[in-house]
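Visitor: Each chain, letter by letter, is given below.
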Amino acid sequence: MKALPASFGAVAAAAALAAPFVLERGTLNDLWSLALGVILASAWNLLGGFAGQVSLGYSAFLGIGAYTTALLSLRGVHPFLTLPLGALLAALFSIVIGLPAFRLRGPYFTIATIGVGEAVRVSAASVSFTGGSGGLRMPAGSFDFQLNYYSMVVLAILSVVLAAAVRSSAFGHALAAIRQDIDGAEALGVHSTRFKLAAHALSAAVVALAGSLYAINFQYIAPGSVFDFRLSLSIVLMPIVGGVGTVAGPVLGALVFSTLQIKLLAVPALRDAYLLLYGGLLILVMLYEPKGLVGLWRRLVARARSAGSVRGPEVSDAG
Amino acid sequence: MPAEPLLSVRDLSKRFGGLLALDGVHFEVARGEIFGVIGPNGAGKTTLFACLTGSLPPTRGEIRFLGARIDGLTSPAVVARGLVRTHQIVRPFREMTVEDNVSVGAHFGAGRRRGADARRRVREILERTGLAPRATISAGTLTIGELKRLEIARALATEPTAICLDEVMGGLNPSEIVGAMALIRSIRDAGVTVLMIEHHVHAVVGVSDRILVLNFGQRIAEGPPREIVRDPEVVAAYLGDDSVPVRADG
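Listed in order, the protein sequences are those of chains A and B. Start counting the first sequence at 258; every next residue gets the next number (the working numbering). Start counting the second sequence at 210; every next residue gets the next number (the working numbering).
Careful, some of the hints might be misleading.
Pair by pair, the computed Cβ-Cβ distance ranges are [as the list claims (entries may be wrong)]:
id, chain 1, residue 1, chain 2, residue 2, range
1, B, 228, A, 425, 43 to 49 angstroms
2, B, 228, A, 559, 33 to 39 angstroms
3, A, 379, B, 226, 39 to 45 angstroms
4, A, 425, B, 441, 55 to 61 angstroms
Rough simulated footprint, nothing fancy, chain A against chain B, three-plus residues with beta-carbon under 8 angstroms [what the hints assert, rightly or not]:
id, segment
5, 243–249
6, 363–370
Hints listed in this document are in silico derivations from the structure and should not be mistaken for laboratory results. Since the model is a prediction, treat every value here as computed from it, not as a measurement. Note that CB positions come from ideal geometry on N, CA and C, so glycine has one too.
All chains, full assembly: derive it from the sequences and hints.
Guide: Pasting the structure below:
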């Protein structure tokens, strides 16, 4: 029953990998942005979707990856060699903030993550080794778009594969149990804090990898770009619009968002209206289909089936 | 009773603000027993199970299981040592299938099974609890009788040495209660020591080897079922209520 989305995914991945041979640079840039969105949304979904721990502080991890890459590249390290260190630092940071923050539940956890994200942004802007609010420029001569494109697309594909693997694993079951009933999960032996920390670290590492690639491609980073709260907001909105807690949802959400962003950027009057639009989308999703586009699709499939057969379908959300 | 009890509880107290929910409770449970816990509403029965299994930290007292202190441990740590509980108000993972619910216990309980080994264990437990035909449906769609069995199945999947069953017969019809009593005996016969809270007095008298009676957080009696139902203090506190007719013949 997972064959259909999996084969769609394989075709989309193949198309994205073949794209540089047929498409022009502008379109490839858009695909690069889409790939970035897929990574951020899928990685956030590991903790926010599967385990139900909604964090609004994910720009911190993107920024840690981006700054690690920029700072080390400026000291002569090859940019791509900085990726593992950025991921490691983000994972460690996620554990440091997770240990106290995971003592909080529901909205209190979310509020704490907003505080962490903002604290990191303000810190990056006020210390000197990060270049302060002026940001950092990558060393000249380190730009190769073809390489940047492929690395982002490959990371996007790996992120989706990772999400699918986590979802069907014992680890994924533990996260789902934590989301649905944390005390019930603990009563069956699930060490909830350990699993939340593990999911947080894994998703932080993936987001930091995307942050490194972001720095490598844009060549310039600043607290106002990579540590922006609006970025944290977009990271949350993509999986929610697409279908929180599913594998396909973050991909669909990223597709919707990058398309909207591109269309809006083309209209000067609407350039700053995207938050309004995202807010509106969020309200629609929460009111009418909490499982997002994926939930809408499942409902349509269920309706089509029950229209076709006398017996009602047994719909299970276990897949 | 053998020299070393499986579970021994000494001077166990739990205070919620001004309420002393458990007040110096003590008892021992031997390996292979079915140990009933009864008492009026609010007597502290569920609080007792919560303290035993790490859901609530005791205010005072000592709990030993398999010879080691377990008071103060978290519930996953207690489960890892082989003591697990079910919940009176069932708490299934509603968005998961029945078998995935049970596999959480198989994966993360004392057995820590993985892959095909875990699936085999889950299948076996679903058969034992009569849930096999419902394995692949969403747990949210089960009846109350099935949900009670799912609670037991998930707890058994953790491979406990002892299991605390909290009112698994509540809301069941008479034929389901007969089935539940048989299931509880079969759990004990499979080598798992059973502690059970039950409002259904006939059932608990029918299956228990010994019964502990609590009232206002205090232990008021403990002994074989036949003695318990004749104990004047128990009758006054609990059984004296006409709505619970119990005859202790012989």
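Visitor: Please list, smallest to largest, the hint numbers that this structure does not respect.
Guide: 2 and 5
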